[in-house]
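Using the sequences and the hints given, assemble the complete structure.
With this note's numbering applied, the sequence shown covers 22 to 456.
Hints may be right or wrong, so weigh each one.
What the hints assert, rightly or not - With a straight-line cut-off of 16 Å between C-alpha atoms, the simulated EDC-like cross-links for lysine to aspartate or glutamate are:
1) K27 <-> E60
2) K324 <-> D353
3) K274 <-> D388
4) K274 <-> D344
5) K274 <-> D296
6) K324 <-> D296
These aren't lab readings, by the way, just hints derived from the structure by calculation.
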Amino acid sequence: MFYGCKAVRFVLGNNCNLKYGARLIHSILGDNSTVSCCEVLNNLVFPAHEQHHNNSFLIAAMILGQSNMAAGATVGSNHNSRGNDGEIIAGRGFWPGLSSTLKHNSRFASYTLIAKGNYPAELHIPLPFSLITHSTGTTRLEVMPGYWWMYNMYALERNSWKCRIRDKRQYQVQHIETAYLAPDTVAEIIHALKLLDLWAREAGYPSIQDLPDQAPLLVGKRTLERSNRPVMIIKSRQGFRAYREMLLYYGVKTLIDFFALPEAGPGGTGKGRWDFLQFQAAYPDPAPLAWVNLGGQLVGETKVDALREGELTTWDQIHAAYDRFWQEYRLDKALNALQVLRFLQTGNADTGPAPIITQENWNALLDEGVRIRIFIEDQVYKTKLKDYLDPFRNSTYRNSAERDAVLGHIDANPFVQEVKAESRIFFARLEAARL
22 MFYGCKAVRF VLGNNCNLKY GARLIHSILG DNSTVSCCEV LNNLVFPAHE
72 QHHNNSFLIA AMILGQSNMA AGATVGSNHN SRGNDGEIIA GRGFWPGLSS
122 TLKHNSRFAS YTLIAKGNYP AELHIPLPFS LITHSTGTTR LEVMPGYWWM
172 YNMYALERNS WKCRIRDKRQ YQVQHIETAY LAPDTVAEII HALKLLDLWA
222 REAGYPSIQD LPDQAPLLVG KRTLERSNRP VMIIKSRQGF RAYREMLLYY
272 GVKTLIDFFA LPEAGPGGTG KGRWDFLQFQ AAYPDPAPLA WVNLGGQLVG
322 ETKVDALREG ELTTWDQIHA AYDRFWQEYR LDKALNALQV LRFLQTGNAD
372 TGPAPIITQE NWNALLDEGV RIRIFIEDQV YKTKLKDYLD PFRNSTYRNS
422 AERDAVLGHI DANPFVQEVK AESRIFFARL EAARL
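Here it is in structure tokens:
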């Protein structure tokens, strides 16, 4: 904490920074977070939050981590409500854009990117990885589901990477999940798939798959925004496909990573690795798809309910339960991934007998996993390449050699190299898991 900060009645997590006149008042700031040149008042903020420059973050917000507040953003204020009971809740990866203003009560799914604008009404956006735009030309709200996956893979992948490498805590008490595809976000994706299909049928189509590729989808008034204007879902069919790709990739990657663990085998002995069919046969019952973010740690909702209804009477006992949940997380996440793949097979894996994924289907899923991983690596490169090819970005350099001296050559970009290394690990684990 340095350079003229003011902090009053606050809780500061491990490896946090307050600097350059920051004000942290009546708030909790999670681990690995930075607040600089701005005000945070009456908020609960989960780990890996970044907030710089002048902005206001006032009056009862709960931000679930890996978030970034842009300059000039005004998120929450007691000037747009008759009472002091308003709040804003946002999932992981919340990014309100430059000078954007939001009205409470509002709620946002994970990885919501809000374009610059003055949003006049309360919002409830249940579509994760979306771009939200207040179109001033048409004075309507536009939502593009799956935007991050389709158009900004570099930022999406880098968000998880930077949260891992910036974790410099000497005392790692709070357990934190940093992957953008995890049980909490895939549950939101599954919910979003069902909503898109419902809205398509309400618009007169047999299903979302029957929409033309470029056709927008209008949803009813007061569905996503507390106003009397309709909301337009743009590129809804492409977003639907992107969501399904994300689910498949999550399911495959989570399982092959689990099968590669030394301790991952029958009975946890490590003497024999699971293969997919053995693992599926050992866990025939559906796993719950609902999860809760407990300060950065993800826990199945059934476990949270049991914790809430239990007889633990001290914080030490509760923290010990958190530690136990973390030890069980790898298996719980693998079971969640299995259930997600079952959902992709049937469209409904919440209840009833679990569909059996055959050896042929599993190998086909792995083939799709290869294709999607190649897509991720290519998109990370192409997204970054825009910085090198855009004529306006190049306008401030005399030539490409000067640009590369400042930015570095794209092929030497540390994160691009990291993604390629992760691809090699992914492909090796995938082939080892093939039946």
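How the hints compare with the structure:
1. For a cut-off of 16 Å, the pair hint linking K27 to E60 stands: about 9 Å separates their Cα positions.
2. The hinted pair formed by K324 and D353 meets the criterion: a straight-line CA distance of about 11 Å does not exceed 16 Å.
3. Distance check on the hinted pair: K274 and D388 sit about 12 Å apart at the alpha-carbon level, within 16 Å; holds.
4. The straight-line distance between the Cα atoms of K274 and D344 is roughly 24 Å, outside the 16 Å bound, and the hint therefore fails.
5. For the suggested pair K274 and D296, the alpha carbons sit about 14 Å apart, so the restraint of at most 16 Å is met.
6. Between K324 and D296, the direct Cα distance comes to roughly 27 Å. Violation of the 16 Å bound is thereby established for this hinted pair.
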